[in-house]
Amino acid sequence: MRVSTRAGLVALLLLWSLGPMLWQLYTSLRTPEALLASAGGLGGGWTLANYGAVLSGDPPFWRYLLNSTVVGALSTLLTLALAIPCAYALSRRGGLLRLLVGGGLLAAAVFPYVLLFLALLQVARQLGLANNLLALCLPYAGLQLPLAVLLLQAAFAELPPELEESALLEGFSLWQRLRWILLPLMGPAVVSTGLLVFLFSWNEFPIALTWISRSELLTLAPAMARIAGSSVYTVPYGAFAAATVLGSVPLLALLLLFQRQIVAGLTQGAIKG
Amino acid sequence: MSGLLLMAPALLLLLAVFVWPLLDYAWLSLQAQSVFTGLEQVPVGTLNWQRLLADGRFWQDAWQTLRFAVVSVALELVAGLAIALLLHQRWRGRGVARSLALLPWALPTTVMALGWRWIFNDPYGPINGLLQLLGLATVPFLAAPELAWLATVVADVWKTTPFVALLLLAGLQMIPHDLYEAFALEGGTPWQGLWRITVPLLRPYIFIVLLFRLAQALGVFDLIAVLTGGGPASSTESLAVYAYLNAMRFLDFGYSATVMLGMFLLLLAGAAALLLWRRHTEVRA
Amino acid sequence: MTNTSDPATATAKEHTTATSLRLEGLCRRIGGRPILDGITLEVAAGECLALLGPSGCGKSTVLRVIAGLDPCDGGRIVLDGRDITEQKPARRRVAMVFQSYALYPHLSVERNLSLGMELRGVAPEQRERELAAVLELLQLSALRRRRPAELSGGQRQRVALARALLRKPQLMLLDEPMSNLDAQLREELRPQLRAILCGGRAPAIYVTHDQQEAMGIADRIAVLEDGRLQQCGTPQELYHHPANLFVAGFIGRPQINLLPRADGTVVGIRPEHLKAVSSGGLPVRVLNREWHGASQLLLLESEQGPLRWTCDGNQALGDGLRLDWERRHEHRFQQASGERC
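From first to last, the protein sequence lines are chains A, B and C.
In this text, residue positions in the first sequence follow our numbering: the first is 95, and each later residue adds one.
In this text, residue positions in the second sequence follow our numbering: the first is 51, and each later residue adds one.
In this text, residue positions in the third sequence follow our numbering: the first is -8, and each later residue adds one.
Any given hint could turn out to be false.
Sample of chain C residues with no beta-carbon within 10 Å of chain A, all distances over it, derived [said to hold, decoys possible]:
1) R13
2) E127
3) D173
4) E179
5) D210
6) P226
7) E317
Pair ranges (Cβ atoms, derived) [what the hints assert, rightly or not]:
8) C:Q183 - B:L251: 41 to 51 Å
9) A:E310 - C:P115: 51 to 61 Å
10) B:V120 - C:S143: 39 to 49 Å
11) B:A132 - A:W269: 42 to 52 Å
12) B:L235 - A:W269: 54 to 64 Å
13) B:I225 - C:P62: 34 to 44 Å
14) A:L346 - C:G47: 53 to 63 Å
15) A:E310 - B:A58: 32 to 42 Å
Computed cross-link-like contacts, SDA-like style, restricted to lysine to any residue with a CA-CA straight-line distance of at most 25 Å [to be verified]:
16) C:K159 - C:A81
17) C:K266 - C:D303
18) C:K159 - C:D74
19) C:K159 - A:G265
20) C:K159 - A:S267
21) C:K79 - A:P255
22) C:K79 - C:R67
23) C:K79 - A:T163
24) C:K79 - A:L257
25) C:K159 - C:S132
26) C:K79 - A:P254
27) C:K79 - A:L253
28) C:K79 - A:S267
29) C:K79 - B:S52
30) C:K266 - C:S293
31) C:K79 - C:S99
32) C:K79 - A:G188
33) C:K79 - A:G265
34) C:K159 - C:Q130
35) C:K159 - A:P255
36) C:K79 - A:R192
37) C:K159 - A:L257
38) C:K159 - C:H97
39) C:K79 - A:Q270
40) C:K159 - C:V125
No wet-lab data here; the hints were simulated from the structure.
For every residue, glycine included, the Cβ atom is placed at its ideal position computed from N, Cα and C.
When you get a sec, could you build the whole thing from the sequences and use the hints?
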């Protein structure tokens, strides 16, 4: 491919990927009058008021970000705590059980989980978990377990078996083998799996939407939907755009910091399949 | 046995989250539980299922969901492969470009659905702004049924193509470069190489991508709920949105469960068809 | 377990008496196929036994079953009078050097060596003392802060050996520990390894497919083929009195000449035992020759079949070459069973 052709294609790709986001950024910095006057105009009408409005709302926007972060972090920890032993045990087994559990996990991993929301909501109401931010971790961990176990299982299976056997003969207990030998070597896989779980929990919509109704407990995704459907943020879109920008920034940071691990995690998933 | 013990907590949570709901729906689909019953459960036999079979909106939504999924995933596959090929070549700044191209996938769907709503706005969105600059009439993207579903497709393609591209890129990296050199020495053109080497060797990756993406697209909820709310006139409504509305707006839990179980059965049939097709093509290949 | 001894006396014993290992009819099957078929062996304290055999003969499996890494499908393993057949690997007090060395890649040499002691609850001062001693013994002191990836193959092998020694095992198992090293290094390391393995309190089993290595390191050699023990004895016994055709063919390089006879037996004569004679004997023709410096190996053709002859490097060759051997160097085997007559 000629260099100029390629440069053109790359520019097109970046325009397509980043354009909508840059447009949000632009919109968020414009006054309502400027937006109504001319789409894409650059003269006059710049403002930070949209951000002020969003951040001084009730509750302030950073509250949603905080809620999402807390839920995401706890879900990630819970998922890893459950998935690591399960993946270890699965990787050390052969035969039918592994095949069956593996197949079941793959089916669950691709299952459109939105179908489950009603039953999960009923469970939450019966157990008094509705409007409990931390309780969201339970369905989130459950929903992400299949993918997490599959990824970690593949990582366990890649470690040379002699390493663990050697530790076994040295007298290490199961916990000691995991703590000192296996997990340190699986660092990258654990990090990338954790990141995928975190992204899911941060972005999850239908369950958070139905479990949480008190506005100060909302996570980011249902908060955005509520903003979209409410009249608190008046016409036109400056405040919406400021909200989308604020909602995107933490993830952009995460992605830029951990791009390599996220890519590795997805890639492993593909190879596994 | 200690192995089972290690798996037990995870498997229990999995049963609670994945298996229990389906059993619950099976029970609930045989009950009436709505405002008319005072939200109490009343056994009604197969009444919900009869209603489902005769429910034009359910089948309408099923068709719309299928159309959305097939068109989006097909576009994503083509665009994803093109992007993967571009990102697979060696050039300076490739790593940064990979990160940037991945951004849309990482953002919450609801966040960007809101963004797309603004982009498709009539008349203040940038597309319509451009049309106005050119002296053309504005287009009501989200208000016209025949355009609104295309808008949902565009937003979905934008959001998930990076995921497809990344998985296919992983596949491309598994193909030894020697193969292309050998093929070139035999006189093959790059275009022939794409069809004779790249695509056949990518087949397992394409299959995984199809599996993940079709399942996700058929369950589409977040995007439609925020971008169009299923409108106009439920022309973009997906089955998941319909099930949600039945439960949360019409408060008809028995029927909502029936809709979801019906959707699950359709998915199962689709998955079986996909597996059969895969086996069929494998036997031929 | 009828003869499991009281743990307290067992602990007392392991510091005072030397141990020995006995395998009684050890069996291992995978999917119904026998991998090990009734292996019976004894290794004395301070003895190094080499398990020798071609790849796939089951020799590594013997080690894994003894260590408890693979299950035992029949027979008993008796270590120091205790039946350990059903014991967990961690409790067997067995150390193993793996072919790949299995060094923990994320830990430095000293952490590789001390982590086990630490987790077994050895006091810090004693840990440091033992670590220093073993580093000294294996000339690793200068490398103690390096990671395994920064070591050469020979250095890695020494670290693996050091780790096994620090386990203070009652039995030492080595699975092809030198197969990843180049030939020259192997030869240099042999005496060193022999000095460490032989004469200690614990028996050692050394798995290899290289007969020179087995002869160079071990007191006795057990030859394994197809999951069965073919013969066990000193290198001299195996060389001079091979129990069957397989052992005869496997031990000794260049390979023994086997000449089938009409009476259903096979005569084996080693290439180095052939002599040129002026009359009588077997007339031969030279097909090929390899010059080895002090000696040369000739590939010959005779009316009884092809022959290998190791002869003096100065041996004159000619058309009328005739070969003979002394009857005392002759081995006779049954053709059908392969057993020695």
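Hints and how they fare:
1. Its beta-carbon lying about 20 Å from the closest one in chain A, C:R13 satisfies the requirement of being farther than 10 Å from that chain.
2. The non-interface label for C:E127 is consistent with chain A: the shortest C-beta to C-beta separation is roughly 21 Å, beyond 10 Å.
3. Against chain A, the non-interface label of C:D173 holds: every CB pair exceeds 10 Å, the least being about 22 Å.
4. Consistency note on C:E179: stated as away from chain A, and its beta-carbon is indeed over 10 Å from all of that chain's, at 25 Å minimum.
5. Listed as outside the interface, C:D210 is consistent with that label: its C-beta sits roughly 24 Å from the nearest C-beta of chain A, beyond the 10 Å cut-off.
6. Annotated as non-interface, C:P226 keeps its C-beta farther than 10 Å from every C-beta of chain A; the closest such distance is 29 Å.
7. Separation of C:E317 from chain A is adequate, the least Cβ-Cβ distance of about 49 Å exceeding the 10 Å criterion.
8. Under the hint 41 to 51 Å, the C-beta atoms of C:Q183 and B:L251, about 49 Å apart, fit the expected range.
9. Between A:E310 and C:P115 the beta carbon distance is about 52 Å. The supplied range of 51 to 61 Å therefore holds.
10. For B:V120 and C:S143, the hinted distance range of 39 to 49 Å is not satisfied, since their beta carbons lie about 58 Å from each other.
11. Here the CB-CB span from B:A132 to A:W269 is close to 49 Å, well matched to the stated 42 to 52 Å.
12. The beta-carbon spacing between B:L235 and A:W269, approximately 56 Å, falls within the hinted interval of 54 to 64 Å.
13. Distance hint for B:I225 and C:P62: a CB-CB separation of about 41 Å, consistent with the stated range 34 to 44 Å.
14. Distance hint for A:L346 and C:G47: a CB-CB separation of about 55 Å, consistent with the stated range 53 to 63 Å.
15. The hinted range of 32 to 42 Å is satisfied by A:E310 and B:A58, whose Cβ atoms lie roughly 37 Å apart.
16. As the CA atoms of C:K159 and C:A81 are separated by approximately 13 Å, the hinted pair is consistent with the 25 Å bound.
17. Proposed proximity of C:K266 and C:D303 is supported: the alpha carbons are some 10 Å apart, at most 25 Å.
18. Between C:K159 and C:D74 the CA atoms are separated by roughly 19 Å; this keeps the pair inside 25 Å, and the hint holds.
19. Only pairs whose Cα atoms come within 25 Å are accepted, and C:K159 paired with A:G265 is accepted, the gap being roughly 12 Å.
20. Straight-line distance between C-alpha atoms of C:K159 and A:S267 comes to about 18 Å, which keeps the hinted pair within the 25 Å bound.
21. Between C:K79 and A:P255, the direct Cα distance comes to roughly 17 Å. Compliance with the 25 Å bound is thereby established for this hinted pair.
22. For the suggested pair C:K79 and C:R67, the alpha carbons sit about 14 Å apart, so the restraint of at most 25 Å is met.
23. With a C-alpha separation of about 45 Å, the suggested pairing of C:K79 with A:T163 is violated against the 25 Å cut-off.
24. At roughly 17 Å between alpha-carbon atoms, C:K79 and A:L257 fall within 25 Å of each other, so this suggested pair holds.
25. For a cut-off of 25 Å, the pair hint linking C:K159 to C:S132 stands: about 20 Å separates their Cα positions.
26. Proximity of C:K79 to A:P254 is assessed by CA-CA distance (about 21 Å); at most 25 Å being required, the pair is judged to hold.
27. Among the hinted pairs, C:K79 with A:L253 is consistent with the structure: their alpha-carbon atoms are about 22 Å apart, no more than 25 Å.
28. In summary, the hint linking C:K79 to A:S267 is supported, as the alpha carbons are separated by about 11 Å, within the 25 Å threshold.
29. For the proposed pair C:K79 and B:S52, the alpha carbon gap of about 14 Å is at most 25 Å, so the pair holds.
30. A distance of roughly 14 Å separates the Cα atoms of C:K266 and C:S293; the hinted pair therefore holds under the 25 Å criterion.
31. Under the criterion of a C-alpha separation no larger than 25 Å, the hint pairing C:K79 with C:S99 is inconsistent with the structure, at around 28 Å.
32. Taking the CA atoms of C:K79 and A:G188, the gap is about 20 Å. The hint holds against a cut of 25 Å.
33. At most 25 Å may separate the alpha-carbon atoms for a hinted pair to count; C:K79 and A:G265 meet this at roughly 10 Å.
34. In summary, the hint linking C:K159 to C:Q130 is supported, as the alpha carbons are separated by about 19 Å, within the 25 Å threshold.
35. The hinted pair formed by C:K159 and A:P255 meets the criterion: a straight-line CA distance of about 23 Å does not exceed 25 Å.
36. With a C-alpha separation of about 24 Å, the suggested pairing of C:K79 with A:R192 holds against the 25 Å cut-off.
37. The suggested pairing of C:K159 with A:L257 holds, with an alpha-carbon distance near 19 Å, which does not exceed 25 Å.
38. At most 25 Å may separate the alpha-carbon atoms for a hinted pair to count; C:K159 and C:H97 meet this at roughly 24 Å.
39. Among the hinted pairs, C:K79 with A:Q270 is consistent with the structure: their alpha-carbon atoms are about 16 Å apart, no more than 25 Å.
40. With a CA separation close to 11 Å, the supplied pair C:K159 and C:V125 stays within the 25 Å bound.
In this structure, the earlier hints numbered 10, 23, 31 are contradicted, and the remaining ones agree with it.
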